[in-house]
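Chains as they are written, first to last, in the numbering used here: chain A, 1 to 378; chain B, 1001 to 1207; chain C, 2001 to 2258.
Warning: the hint list may mix true and false statements.
If we take Cβ atoms under 7 Å as the criterion, some of the chain C residues that face chain B in the derived model are [as the list claims (entries may be wrong)]:
1) Gln2013
2) Ile2056
3) Gly2058
4) Asn2071
5) Ile2164
EDC-like cross-link-like pairs, simulated, lysine to aspartate or glutamate; straight-line CA separation at most 20 Å [what the hints assert, rightly or not]:
6) Lys2042(C) to Asp118(A)
7) Lys2027(C) to Glu2041(C)
8) Lys1088(B) to Glu1110(B)
9) Lys1025(B) to Asp67(A)
10) Lys2236(C) to Asp317(A)
11) Lys2091(C) to Asp1102(B)
12) Lys354(A) to Glu127(A)
13) Lys214(A) to Asp323(A)
14) Lys2236(C) to Asp123(A)
15) Lys2084(C) to Asp2053(C)
16) Lys1021(B) to Asp118(A)
17) Lys2236(C) to Asp118(A)
Estimated spans, in silico, between C-beta atoms of each pair [unchecked claim]:
18) Lys2249(C) to Thr6(A): 30 to 40 Å
19) Met2001(C) to Glu1055(B): 45 to 55 Å
20) Glu1055(B) to Gly285(A): 23 to 33 Å
21) Lys2249(C) to Lys213(A): 28 to 38 Å
22) Leu2108(C) to Thr1054(B): 24 to 34 Å
23) Asp317(A) to Ser1036(B): 47 to 57 Å
24) Gly2233(C) to Asn1111(B): 15 to 25 Å
Treat the hints as calculated values from the structure; they're not laboratory data. Quick reminder that beta carbons are idealized off the backbone N, C-alpha and C, glycines included.
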Amino acid sequence: MSQSKTICKNCVMDTTDSKITFDENGVCDHCHTYTADIAPYWNPNEKGLKQFQSTVDAIKKEGIGKDFDCIIGMSGGIDSSYLVYLAKVKLGLRPLVFHVDAGWNSQQAVNNIEQIVDRLELDLYTEVIDWEEMKDLQLSFFKSGVSHTDTPQDHAFFATMYKFASKHGIKHILTGGNYSTECVRNPLEWMYFQSDSAQIKDIQKKFGTKKLKKFPLTNILWHKIWLPYVKGIKLYRPLDFMPYDKEEATQFLVENLGYQRYKQKHFESRFTRFYEAFWLPKKFGYDTRKVQYSSLILTEQMTRDEALVKLQEPAHDPESIEDDFNYIANKLGISTSELNDYLLAPNKTYKDYKNQQWIYELGAKVMRKLGLEKGGKR
Amino acid sequence: MIAIVDYGSGNIQAVKNIYDKLGIKSYFAKVPEDLSRANKIVLPGVGSFDQAITELNDSGMREKLDELVLNKKIPVLGVCVGMQIMAKSSEEGVLDGLGWIDATVQLFDENILKIKPKLPHMGWNSIEVNEEHLILDGVDLDKGFYFLHSYHFVAKNLSDVLCLTYYGAKFHSAINSRNIFGFQFHPEKSHFNGIQIFKNFAELQHA
Amino acid sequence: MLRSRVIPCLLIQDKGLVKTVNFKNSKYVGDPINAVKIFNEKQVDELIILDIDATINGVDPDYQAIEYLANESRMPLCYGGGVKTAEQAKKIIQLGVEKVAVSSLAILNPNVLIEIERLIGRQSIIVVLDVKKTFFGTYDIYINNGKTKIKRKLEDVLEELENIGVGEFVINSIDNDGVMKGYDMVLAKKVRGLISTPLTILGGAGSFDDIVELVNEFKIIGASAGSLFVFKGVYKAVLISYLTEAVLKKIQLISNKF
Chain A
1 MSQSKTICKN
11 CVMDTTDSKI
21 TFDENGVCDH
31 CHTYTADIAP
41 YWNPNEKGLK
51 QFQSTVDAIK
61 KEGIGKDFDC
71 IIGMSGGIDS
81 SYLVYLAKVK
91 LGLRPLVFHV
101 DAGWNSQQAV
111 NNIEQIVDRL
121 ELDLYTEVID
131 WEEMKDLQLS
141 FFKSGVSHTD
151 TPQDHAFFAT
161 MYKFASKHGI
171 KHILTGGNYS
181 TECVRNPLEW
191 MYFQSDSAQI
201 KDIQKKFGTK
211 KLKKFPLTNI
221 LWHKIWLPYV
231 KGIKLYRPLD
241 FMPYDKEEAT
251 QFLVENLGYQ
261 RYKQKHFESR
271 FTRFYEAFWL
281 PKKFGYDTRK
291 VQYSSLILTE
301 QMTRDEALVK
311 LQEPAHDPES
321 IEDDFNYIAN
331 KLGISTSELN
341 DYLLAPNKTY
351 KDYKNQQWIY
361 ELGAKVMRKL
371 GLEKGGKR
Chain B
1001 MIAIVDYGSG
1011 NIQAVKNIYD
1021 KLGIKSYFAK
1031 VPEDLSRANK
1041 IVLPGVGSFD
1051 QAITELNDSG
1061 MREKLDELVL
1071 NKKIPVLGVC
1081 VGMQIMAKSS
1091 EEGVLDGLGW
1101 IDATVQLFDE
1111 NILKIKPKLP
1121 HMGWNSIEVN
1131 EEHLILDGVD
1141 LDKGFYFLHS
1151 YHFVAKNLSD
1161 VLCLTYYGAK
1171 FHSAINSRNI
1181 FGFQFHPEKS
1191 HFNGIQIFKN
1201 FAELQHA
Chain C
2001 MLRSRVIPCL
2011 LIQDKGLVKT
2021 VNFKNSKYVG
2031 DPINAVKIFN
2041 EKQVDELIIL
2051 DIDATINGVD
2061 PDYQAIEYLA
2071 NESRMPLCYG
2081 GGVKTAEQAK
2091 KIIQLGVEKV
2101 AVSSLAILNP
2111 NVLIEIERLI
2121 GRQSIIVVLD
2131 VKKTFFGTYD
2141 IYINNGKTKI
2151 KRKLEDVLEE
2161 LENIGVGEFV
2171 INSIDNDGVM
2181 KGYDMVLAKK
2191 VRGLISTPLT
2201 ILGGAGSFDD
2211 IVELVNEFKI
2221 IGASAGSLFV
2231 FKGVYKAVLI
2241 SYLTEAVLKK
2251 IQLISNKF
């Protein structure tokens, strides 16, 4: 592994996050953000459920006479899958399950969506992103040398869901985002805001071979201000209001709803698996497992020792990595040597291209002052 | 290394893909010299008997193959028509086969095929083991393999028959005589069962 | 014992997968490579992939795409679309595809099939016939994506092609395409009665029961479907699926009963 890096004494974030700071006890700022900004206001228990109940009632009321009362974005991953179960069975909601197919679905993801939708007798809606455009944009991101290479998929997911909700007048969107497994966020340096469409447009302009005509683009002002405050479309994170233990949830779904396990978080997409397990660590030295394990450490679902042991193994499966590398190149229509060239090219950051970071920073300041958001990305 | 004979017939890429995924080294042999470094050989084949044997002769590798298989006893696995040409002759054509196995190749008798469809024998069919062998380890016999052919192998000696399959009557769907293996079905296109055959073949200890 | 084959059928237009209804209104359903990869992991019996534009546009088959798709399949692949010569058919087989499908060629220039047979073998030639019911209950064959009617009778075409010798016939019902209300069993029975070559029925499958019904009737047959394995639910959400183990076992039992 690497040479000298300092690891937080409490979690496992370290100086590969170049902006990390430690207090006199060697505890990092991620831990402090959690302790100060998140933990005091987070009630994953009866209290939280009571808090959320009024929201649930309102959603149900507004949904009377309609085919469904909310939409849930489902990727096939554990968070969104468990959320679908909770929403229908525990909260008594009538969700439309919404899935965005960006062309990278793994067989397990497709199976998991099918199993859950069938067994819970829910309706499914999918949007399929135009693959030719997706492919071109994805290649542009590889060529740009930035580290947030998974932006096209992420962006497409949210943009599509918001556009759908806006078009059909659906006011309530539920997502599986949660503090339990995500209270520590990926540093901005590792993964810049996927919703910044100025960045996407600039990268596509500089490296793309076609115009994006069908690809769904959103922007921060539209979905953080216009949609919620003008059109009244709200995003909820129900998993924050009840106990959510990832391993228990997975086991439950495996035993009761035909769910197939993934090796690691986000492995429902073949691209994300490749990106997080190989591309990011190999090209940039960023290992997202540190972020995920640190979250689990803070929420007491993993010990620091367990995390350190796991981090000793490579992030990617050495047996399948060559296969994955070939698959990614194959699918993007390039040779493996071309993909390798991108791997070896100089590393760039989001600052090398047009971006709207100033809006995000301004927005974050305002949100925090108003007490509306805690523990955002940095 | 496993040599996949590239003589112009058969799905050589599919076989290589399987070995690549298994992490087992294999390569395409196009000329006799290529075969020298093989410790095992896969002989694919599609199309007609005469065409396959002609292409094999034209490739220049015929003599080297005879030497390696018959004299050096290098393990060889024939697939579909690659297995059929191991016989002495075929009703489908006029040319002589390799003659590695005392056998002929005959057209299925349509009269014994009770219901439609008749020919070709097409689809997933199960296999029955005639002689146990490690090469069949881990194979789901009932699930079987994918068949696509109108002519079938008829070995003279039952001791050369590895597997039987029912189509109108039982026919020889796989053969084995010491280092020589032949499969009428397509292991390269039979999912897990097929991958298992290729894996077992690679792991066979040289007799 | 031999069992019936259940075969997802994918249509390619403009490099993307599409689904149609009555051969019209093609809806984009995604990337072919990922779809084939998922079907492969689901261990489907076999796959049919048809490029519905190639003949109309008068272009060669997309060999690069075919190679990528073949690399992802550990089950037999049948590829069709724009095949006009024996050389094209051979090239497709060499890329790792087991069967080559022809449609308009078989109708307009069936002699080329003899040439193709010489190069790749009869068992690898699949004839796809797109048919539509007439007012009188008979069936007409169409080419060019259902736009050009052929004046010859279905019976005569089938007889001629069976005499020439092919590996399989795929009968595609334009009326039932994408409608998901069941196969045209009358059509299936009619064709089964006329030929003894392997037969696959395509068009209309809306549920597992439709496939079981087809197998029950014919014991050994190819049951092909597009929408059933690509769409889910009332909103026709795009999600790739296949039959469950239980239904596949049922089909195997029915096939083995004769």
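Hints and how they fare:
| no. | hint | result |
| --- | --- | --- |
| 1 | Gln2013 | 26 Å, violated |
| 2 | Ile2056 | 29 Å, violated |
| 3 | Gly2058 | 28 Å, violated |
| 4 | Asn2071 | 6 Å, holds |
| 5 | Ile2164 | 14 Å, violated |
| 6 | Lys2042(C) to Asp118(A) | 17 Å, holds |
| 7 | Lys2027(C) to Glu2041(C) | 25 Å, violated |
| 8 | Lys1088(B) to Glu1110(B) | 23 Å, violated |
| 9 | Lys1025(B) to Asp67(A) | 56 Å, violated |
| 10 | Lys2236(C) to Asp317(A) | 36 Å, violated |
| 11 | Lys2091(C) to Asp1102(B) | 34 Å, violated |
| 12 | Lys354(A) to Glu127(A) | 28 Å, violated |
| 13 | Lys214(A) to Asp323(A) | 31 Å, violated |
| 14 | Lys2236(C) to Asp123(A) | 9 Å, holds |
| 15 | Lys2084(C) to Asp2053(C) | 14 Å, holds |
| 16 | Lys1021(B) to Asp118(A) | 33 Å, violated |
| 17 | Lys2236(C) to Asp118(A) | 14 Å, holds |
| 18 | Lys2249(C) to Thr6(A): 30 to 40 Å | 58 Å, violated |
| 19 | Met2001(C) to Glu1055(B): 45 to 55 Å | 34 Å, violated |
| 20 | Glu1055(B) to Gly285(A): 23 to 33 Å | 52 Å, violated |
| 21 | Lys2249(C) to Lys213(A): 28 to 38 Å | 46 Å, violated |
| 22 | Leu2108(C) to Thr1054(B): 24 to 34 Å | 31 Å, holds |
| 23 | Asp317(A) to Ser1036(B): 47 to 57 Å | 35 Å, violated |
| 24 | Gly2233(C) to Asn1111(B): 15 to 25 Å | 48 Å, violated |
Hint violations for this structure: numbers 1, 2, 3, 5, 7, 8, 9, 10, 11, 12, 13, 16, 18, 19, 20, 21, 23, 24, all remaining hints satisfied.
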